[in-house]
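Taking the hints into account, I'd like the entire structure generated from these sequences.
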Amino acid sequence: MKSIKLLVAGLMAIMPTLAMAQDAAAQGMGVMGQVIFFAGFILIFYFLIWRPQSKRAKEHKALMSGLNKGDEIVTSGGVAGKITKVTDDFIVVEIADNVEIKVQKVAVAAALPKGTLKDI
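Read in order, the letters of the sequence shown correspond to residues -21 to -1, 1 to 99 in mature numbering (1 follows the signal peptide of the UniProt record, and there is no 0).
Worth flagging that the hints you see were computed from the coordinates, not collected in a lab. Treat each hint with caution, since some may be false.
What the hints assert, rightly or not - Cβ pair distances, simulated, as ranges:
| hint | residue 1 | residue 2 | range |
| --- | --- | --- | --- |
| 1 | Ala75 | Arg30 | 34 to 44 angstroms |
| 2 | Phe16 | Gln83 | 35 to 45 angstroms |
| 3 | Asn77 | Ala41 | 23 to 33 angstroms |
| 4 | Pro92 | Arg35 | 43 to 53 angstroms |
| 5 | Ile99 | Met8 | 21 to 31 angstroms |
| 6 | Phe17 | Pro92 | 44 to 54 angstroms |
| 7 | Lys97 | Tyr25 | 39 to 49 angstroms |
| 8 | Lys40 | Val14 | 19 to 29 angstroms |
| 9 | Lys34 | Asp98 | 54 to 64 angstroms |
| 10 | Glu73 | Val14 | 50 to 60 angstroms |
| 11 | Asp67 | Pro31 | 24 to 34 angstroms |
| 12 | Gly94 | Gly12 | 56 to 66 angstroms |
Yeah, the Cβ is synthetic: ideal placement off N, Cα and C, and Gly gets one too.
Okay, structure coming up:
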């Protein structure tokens, strides 16, 4: 009987604490929690989307500015060839003997190592 009275007394002492915790959970995160959540969301957005995309854009810009006559390239359409002429916005690509096409520089997907076209 004494143990039941101790148990009831202990529960009565804990009840106000449980009630306050339940009220705090019902109110939500609060202002500071929302600020931390928003900052975390911004960090995730930066590291997963914005930073890799800007890195790829810088690499592509460097590729376009480094194109020279004689380089072997592949366009975004899958056409492989050798550059015969470079202008500001366009390049002339030889895709077969005596077959040349004009391509915008932004359409270049990758520069190939020298001699790659001979192996194909």
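List, from low to high, the hint numbers that the structure doesn't satisfy. 4, 5, 8 and 9
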